[in-house]
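With the hints as constraints, model all of the structure from the sequences given.
Here the sequence shown is numbered in this note's numbering, starting from 1 and rising by one per residue.
Heads up, some of the hints might be wrong.
Stated by the list, open to error - Okay, the calculated beta carbon distance ranges per label pair:
(1) P36 <-> R78: 38 to 48 Å
(2) P153 <-> R78: 33 to 43 Å
(3) A154 <-> R66: 36 to 46 Å
(4) P128 <-> R24: 30 to 40 Å
(5) T122 <-> E32: 15 to 25 Å
(6) D49 <-> A154: 33 to 43 Å
(7) A87 <-> G121: 34 to 44 Å
(8) P128 <-> G76: 38 to 48 Å
(9) E86 <-> G121: 36 to 46 Å
(10) R50 <-> P153: 34 to 44 Å
Keep in mind that the hints were calculated from the coordinates and are not lab data. Heads up, the beta-carbon is just placed ideally off N, CA and C, and yes, glycines get one too.
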Amino acid sequence: MTPPAAPYVLGIDTDARTLPEADRLLQVLAVELALPEGVFGCTHLVRDDRPRVALSLAAEAEPVLRTARDRLTARGYRIRDGAWDEAGRAVLYPGADRATGTLTLAELLARCAIDRVTVLGTPEAPSPDTLLDTRDHVRPHWQDGRLVLAAMPAAGGTLVPFEDPAPTPCCADH
Numbered sequence: 001m002t003p004p005a006a007p008y009v010l011g012i013d014t015d016a017r018t019l020p021e022a023d024r025l026l027q028v029l030a031v032e033l034a035l036p037e038g039v040f041g042c043t044h045l046v047r048d049d050r051p052r053v054a055l056s057l058a059a060e061a062e063p064v065l066r067t068a069r070d071r072l073t074a075r076g077y078r079i080r081d082g083a084w085d086e087a088g089r090a091v092l093y094p095g096a097d098r099a100t101g102t103l104t105l106a107e108l109l110a111r112c113a114i115d116r117v118t119v120l121g122t123p124e125a126p127s128p129d130t131l132l133d134t135r136d137h138v139r140p141h142w143q144d145g146r147l148v149l150a151a152m153p154a155a156g157g158t159l160v161p162f163e164d165p166a167p168t169p170c171c172a173d174h
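Shown next as structure tokens:
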């Protein structure tokens, strides 16, 4: 999960059990730590004897993460060098706050750090003028050093991000 322009990466062990919980924690920490715009913040599923969602922060400048490390350690977080894996799910990334509403794919790519959009079930790249209803929840993943958003077809020839902003837990009504 090392963005090419962000060689310094810090892993944060958490007790978060769900992606929404980890997203909220990452967003709160970004504000509390006063992280600058260029920092990437990702979630990582950890599947060991204590399943959880860990976090990572990546930045171009080492002092940004040194300060974050000191403050997070003082709060009791377990910190490590490097991300948990190379396929982090980005929550914080340059331009994430501008990836909202309904946009063409060209607009999305121009506004934020996402490098590419793929559409599930189709091998071709979507047209740059295709509309994407972001649902104000855009969570791209790192793939081969590039930030890629998986999308799926929606009504009226538009696309939506594959990840649902309000997923229904499996068997919720049983």
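To see whether the hints hold, each was checked on the structure:
Between P36 and R78 the Cβ separation comes to about 24 Å, which falls outside the hinted range of 38 to 48 Å. For the pair P153 and R78, the beta carbons lie near 41 Å from each other, so the given range of 33 to 43 Å is met. A C-beta distance of roughly 43 Å is found between A154 and R66, which places it inside the suggested range of 36 to 46 Å. About 33 Å separates the C-beta atoms of P128 and R24, a value consistent with the hinted range of 30 to 40 Å.
A beta carbon spacing of about 41 Å between T122 and E32 contradicts the range 15 to 25 Å that was offered as a hint. At about 39 Å, the CB distance of D49 to A154 agrees with the hint of 33 to 43 Å. Distance hint check for A87 and G121: the Cβ-Cβ separation is about 20 Å, which falls outside the suggested range of 34 to 44 Å. One distance hint, 38 to 48 Å for the beta-carbon pair P128 and G76, holds here, with the actual separation near 46 Å.
Roughly 24 Å separates the CB atoms of E86 and G121, a value that falls outside the hinted 36 to 46 Å. Distance hint check: the CB atoms of R50 and P153 are about 38 Å apart, consistent with the given range 34 to 44 Å.
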